[in-house]
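K.L.:
Modelling step: build the complete structure from the supplied sequences, incorporating the hints.
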Amino acid sequence: MSVLSGILIGLATGLVFGFALEKSRVFEPGVIVGQMQLKNFLMLKIFLAAVITGLVVLAVLNGMFGVKLSLKPLLWKADIIGGLVLGVGIAIAGACPGTSLAQVGAGYKDALFVVAGGIAGALFYGYNDAAITGWFAEKGDKIGFDQMLGLLFWSEALLFAAALAGFLVVLERATSWRNEIGTSFDGVPPVAPIPADDANAIRLSEAPR
Amino acid sequence: MSIFTDKSWSPYAAGAVIGLLQIPTFLLMDTALGASSSFVTVAAHLASIVDPGVDKVKYLASHMWGAKNWWQVAVVAGIALGAFISMKLSGARRETISPIWVRAMGTSSLSARAPIAFFGGFVMLFGARIAGGCTSGHGISGMAQLSAGSTVEVAAMFTGGILTALLMRRS
Numbered sequence: 001m002s003v004l005s006g007i008l009i010g011l012a013t014g015l016v017f018g019f020a021l022e023k024s025r026v027f028e029p030g031v032i033v034g035q036m037q038l039k040n041f042l043m044l045k046i047f048l049a050a051v052i053t054g055l056v057v058l059a060v061l062n063g064m065f066g067v068k069l070s071l072k073p074l075l076w077k078a079d080i081i082g083g084l085v086l087g088v089g090i091a092i093a094g095a096c097p098g099t100s101l102a103q104v105g106a107g108y109k110d111a112l113f114v115v116a117g118g119i120a121g122a123l124f125y126g127y128n129d130a131a132i133t134g135w136f137a138e139k140g141d142k143i144g145f146d147q148m149l150g151l152l153f154w155s156e157a158l159l160f161a162a163a164l165a166g167f168l169v170v171l172e173r174a175t176s177w178r179n180e181i182g183t184s185f186d187g188v189p190p191v192a193p194i195p196a197d198d199a200n201a202i203r204l205s206e207a208p209r
Numbered sequence: 001m002s003i004f005t006d007k008s009w010s011p012y013a014a015g016a017v018i019g020l021l022q023i024p025t026f027l028l029m030d031t032a033l034g035a036s037s038s039f040v041t042v043a044a045h046l047a048s049i050v051d052p053g054v055d056k057v058k059y060l061a062s063h064m065w066g067a068k069n070w071w072q073v074a075v076v077a078g079i080a081l082g083a084f085i086s087m088k089l090s091g092a093r094r095e096t097i098s099p100i101w102v103r104a105m106g107t108s109s110l111s112a113r114a115p116i117a118f119f120g121g122f123v124m125l126f127g128a129r130i131a132g133g134c135t136s137g138h139g140i141s142g143m144a145q146l147s148a149g150s151t152v153e154v155a156a157m158f159t160g161g162i163l164t165a166l167l168m169r170r171s
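Here the protein sequences come in this chain order: A and B. Numbered by the numbering used here, the letters in the first sequence go through residues 1 to 209 in order. Numbered by the numbering used here, the letters in the second sequence go through residues 1 to 171 in order.
It is worth saying that the hints were derived from the structure and are not from the lab. Remember, it's a predicted structure, so these values are computed and weren't measured experimentally. Glycine included, each C-beta is placed from N, C-alpha and C at the ideal position. There's no promise every hint is true.
[Stated by the list, open to error] Derived EDC-like pairs (lysine to aspartate or glutamate); straight-line CA-CA distance at most 16 Å:
| # | chain 1 | residue 1 | chain 2 | residue 2 |
| --- | --- | --- | --- | --- |
| 1 | A | Lys109 | B | Glu95 |
| 2 | A | Lys77 | A | Asp129 |
| 3 | A | Lys77 | A | Asp141 |
| 4 | A | Lys142 | A | Asp129 |
| 5 | B | Lys56 | A | Asp129 |
| 6 | A | Lys68 | B | Glu95 |
| 7 | B | Lys68 | B | Asp30 |
| 8 | B | Lys58 | A | Asp129 |
| 9 | A | Lys77 | A | Glu138 |
[Unchecked claim] Away from chain A, derived, C-beta distances all over 10 Å, residues of chain B:
| # | residue |
| --- | --- |
| 10 | Pro52 |
| 11 | Gly106 |
| 12 | Thr107 |
P.N.:
Given below as structure tokens:
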């Protein structure tokens with residue numbers, strides 16, 4: 001595939017991705033930090049919705065059409081240490097790598113510094129990758145739970161999707177997304193939760209800020 | 001169409017749209033959705049301006065060329081553009097920095113928030129590249145493939161984020 005085709009496909013993909021991130025408000029620092037403070041669960045909801053959809057999509061693509069999956073290896077130290085550090089960074093930045101760009105697009109000026117810091121951090125890692133992976137000294141297989149349980153991917157994927165969907169139903173009953181989104185749609189919660197009808201009324205009558 | 005000018009979609013609808021993006025990604029690019037690798041690509045090219053030896057560093061060199069690497073850079077650029085267009089269509093203009101930082105710092109000054117933002121971004125990408133992926137690569141894509149490593153990484157990510165945010169909340 002040519003670089004140009006890759007770029008065009010990527011741009012189109014990103015446009016839809018960024019649009020969805022902005023519309024769901026999940027790119028908001030208020031929503032991301034709010035998730036990490038367990039005050040609102042919008043990030044978890046969109047995340048799981050994307051995972052569920054992906055599970056079904058891949059169950060079809062892989063199960064019916066034999067499209068190859070693209071797993072990453074199980075590397076305990078890299079996954080745990082890297083994940084922890086990534087989480088710390090997300091809380092401080094109020095963003096993850098993808099949403100930081102959505103924040104730039106939506107107009108938050110500090111997001112430019114997050115992106116700049118991210119580029120610096122990526123470069124710093126790059127120069128030190130050999131040393132770090134040498135220190136971890138681990139090998140890992142690109143293994144999935146379906147293989148570990150001896151099941152077919154598509155059947156386990158659909159089971160997992162159903163379980164996650166069930167969890168989301170319970171979560172949404174416990175805390176509704178319309179309340180979590182905040183009166184100004186930036187994830188900053190109002191002082192008291194808004195009843196569902198009022199939340200709809202605010203949404204329909206919102207004037208530009 | 002009013003859905004394009006709405007100020008907000010349900011997270012379920014938005015999540016479904018994002019999940020569907022795996023279709024073109026797997027079928028056309030033979031890979032899964034991701035975001036953090038693109039930062040390495042951009043960083044390596046920027047570094048090559050001052051360090052001609054960058055392409056001898058295996059990790060950086062492997063991110064510099066080819067359709068897959070540039071595809072992800074385009075995705076990430078597209079995210080910024082898509083968010084911009086969406087914001088314009090709905091008229092949800094943003095302040096310079098989110099109100100949560102104004103509340104936390106007691107000031108709305110960008111220069112107060114900027115170094116913290118930079119530091120946060122640095123730690124974020126450093127961690128993401130140690131782990132080999134972020135909320136998109138390990139999270140949305142890895143878990144959709146039942147990947148064991150990705151599930152471990154996502155658990156660690158939420159742990160790190162939640163602990164940090166709860167500490168921040170106290171201060």
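K.L.:
None of the hints should be skipped; say for each whether it holds.
P.N.:
Verification of the supplied hints:
1. A:Lys109 x B:Glu95: holds, 8 Å
2. A:Lys77 x A:Asp129: Given that 16 Å is the threshold and the Cα spacing comes to 14 Å, the pair holds.
3. A:Lys77 x A:Asp141: holds, 14 Å
4. A:Lys142 x A:Asp129: violated, 20 Å
5. B:Lys56 x A:Asp129: holds, 13 Å
6. A:Lys68 x B:Glu95: Outside the cut-off at roughly 44 Å; violated.
7. B:Lys68 x B:Asp30: holds, 9 Å
8. B:Lys58 x A:Asp129: Distance ~9 Å between B:Lys58 and A:Asp129 Cα, so the pair holds.
9. A:Lys77 x A:Glu138: holds, 8 Å
10. Pro52: holds, 14 Å
11. Gly106: Consistent with the label, B:Gly106 stays out of reach of chain A, its closest Cβ about 15 Å off (over 10 Å).
12. Thr107: Its Cβ never comes within 10 Å of chain A, the nearest being 12 Å, so this holds.
Hints 4 and 6, counting from the list given before, are not met by this structure.
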